[in-house]
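Heads up: the sequence lines are chains P and S, in that order. Numbers 1 to 166, taken from this note's numbering, label the letters of the first sequence in order. Numbers 167 to 423, taken from this note's numbering, label the letters of the second sequence in order.
Because the hints were derived from the structure by calculation, they are not lab data. All figures in this text were calculated on a predicted structure; none of them were measured in a lab. One thing to keep in mind: the hints can contain errors.
Unchecked claim - What follows is a set of in silico ranges between Cβ atoms, one per label pair, in the way DEER data are often shown:
#1 P:Arg164 to S:Arg348: 22 to 28 Å
#2 P:Pro116 to S:Pro293: 32 to 38 Å
#3 S:Gly204 to P:Arg68: 36 to 42 Å
As the list claims (entries may be wrong) - Chain S is nowhere near these chain P residues, computed Cβ spacing over 10 Å in every case:
#4 Leu40
#5 Thr56
#6 Ile71
#7 Ile81
#8 Glu83
#9 Ala101
We treat Cβ as the ideally placed atom computed from N, Cα and C, and that holds for glycine.
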Amino acid sequence: MPADVVTSMSTKSTITTPPGAPPDHVVTTFIRATPEAVWLALTESGFTTRYYYGSTVESDWQPGSSYRYAIDGETAIEGEIVEADRPRRLVMTFSAVWDPALAADASTRLTWELEPAGPGVTRLTVVHGGFEGETETYRQVTGGWSWIVAGLKSLLETGEPLPRRA
Amino acid sequence: MDDEVFRALADASRRTLLDRLFERDGQTLGELETALPGMSRFGVMKHLRVLEAANLVSSRKVGRERHHYLNPVPIRQLHDRWLDRYRIRAADLLTDLRLTLETEPMTMPVDAAAPKHVFSTFIRATPDSIWRALTQSEFTTRYWYGSTIQSDWAVGSPYELRTADDKPAISGEVLESDPPRRLVVSYTSPWAAKPGEQPSKVTFEIEEAGPGVQKLTLVHETEPGATTQIAEVAAGWPYILSGLKTLLETGEPLAGA
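Based on the sequences and whatever the hints tell you, model everything.
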């Protein structure tokens with residue numbers, strides 16, 4: 001992920017984590033699309049390349065299986081599917097490898113929740129937690145989830161992703 | 167309005183009808199009758215009329231048939247006004263308990279944790295159109311639960327947001343106004359604070375974030391030591407910001423109705 005986008009501030013801050021660990025990154029949005037459409041957009045490269053910093057994604061999305069996001073063929077994020085309840089909930093371990101500076105960080109946990117919120121509207125919440133401290137990964141993903149979620153919403157509602165900075 | 171909605175929801179048959187419409191909108195009386203096999207056609211019609219009176223269902227005549235449509239907005243409003251706040255209060259209680267258990271009482275900073283909620287989103291729109299959407303009723307009525315908003319938006323001026331049924335919702339004073347980039351207002355709401363409590367503060371910032379894309383950041387905060395429960399209202403911001411983004415990017419509100 002490009003640092004100019006991911007280092008900007010954005011997530012909802014809470015004081016809900018134990019001392020020593022930073023608060024989870026939490027981003028919630030409401031999308032005019034069905035949970036099934038949001039699920040497809042999260043799990044198919046045809047969508048992710050258009051809003052997820054150009055990444056492709058590969059997995060069979062079964063619990064215990066691995067997954068991989070790649071930018072121009074280079075692995076950016078990898079991990080394991082922990083839970084997959086299509087189209088409601090997707091939990092995965094998350095190891096950021098897009099920057100050598102992240103190599104020392106422990107794996108974290110990413111949860112996508114999709115809930116119907118009225119006819120044709122889905123409430124999407126992403127929670128990125130399990131950080132051991134304000135690690136380099138924690139710092140670099142700050143702001144990134146708001147960008148990804150906003151782009152996903154634009155793509156599903158308008159057919160077009162958000163244009164990126166050149 | 168809340169009373170009618172609560173009354174309408176208090177009946178299991180009416181909840182079944184809403185569930186059926188949630189699964190598939192626009193059903194006819196004949197189709198909805200199958201949801202309540204033990205009930206007469208007139209019984210089902212009577213329940214639909216109660217739902218219509220509470221504004222939870224609207225119907226439209228198409229040819230010889232009448233189609234029924236769900237209107238989720240009143241339930242969403244109930245949820246935001248009555249349920250979210252208790253859920254958050256319960257979560258806060260657990261958090262407080264955890265902090266108490268896991269922190270040395272002597273080292274607990276008293277006012278370091280003034281509540282502050284930060285939300286941001288990215289919108290394909292000009293800064294001016296986002297500013298207008300935040301400050302003019304012709305926009306707010308289409309994404310902010312139907313509310314109107316009124317002010318001249320000069321520093322020191324009052325502003326007021328009123329619900330779709332014209333009840334006071336949010337009010338305060340314009341503290342900073344730098345169109346189309348930065349708006350800071352004090353925030354008082356019957357849902358956020360008990361009478362006499364000091365207002366909280368809301369800051370909207372609009373920054374360039376790419377070609378034709380703005381980053382809208384909203385910060386809702388209180389002064390250190392304030393007792394105002396802003397967590398309750400802060401839970402509603404993602405829905406409002408999502409609706410604003412949808413309206414500006416598609417020209418249509420997020421939810422029908």
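(message) Let me make sure I understand: some of the numbered hints might not hold for this structure. Which ones are they, in numerical order?
(response) 3
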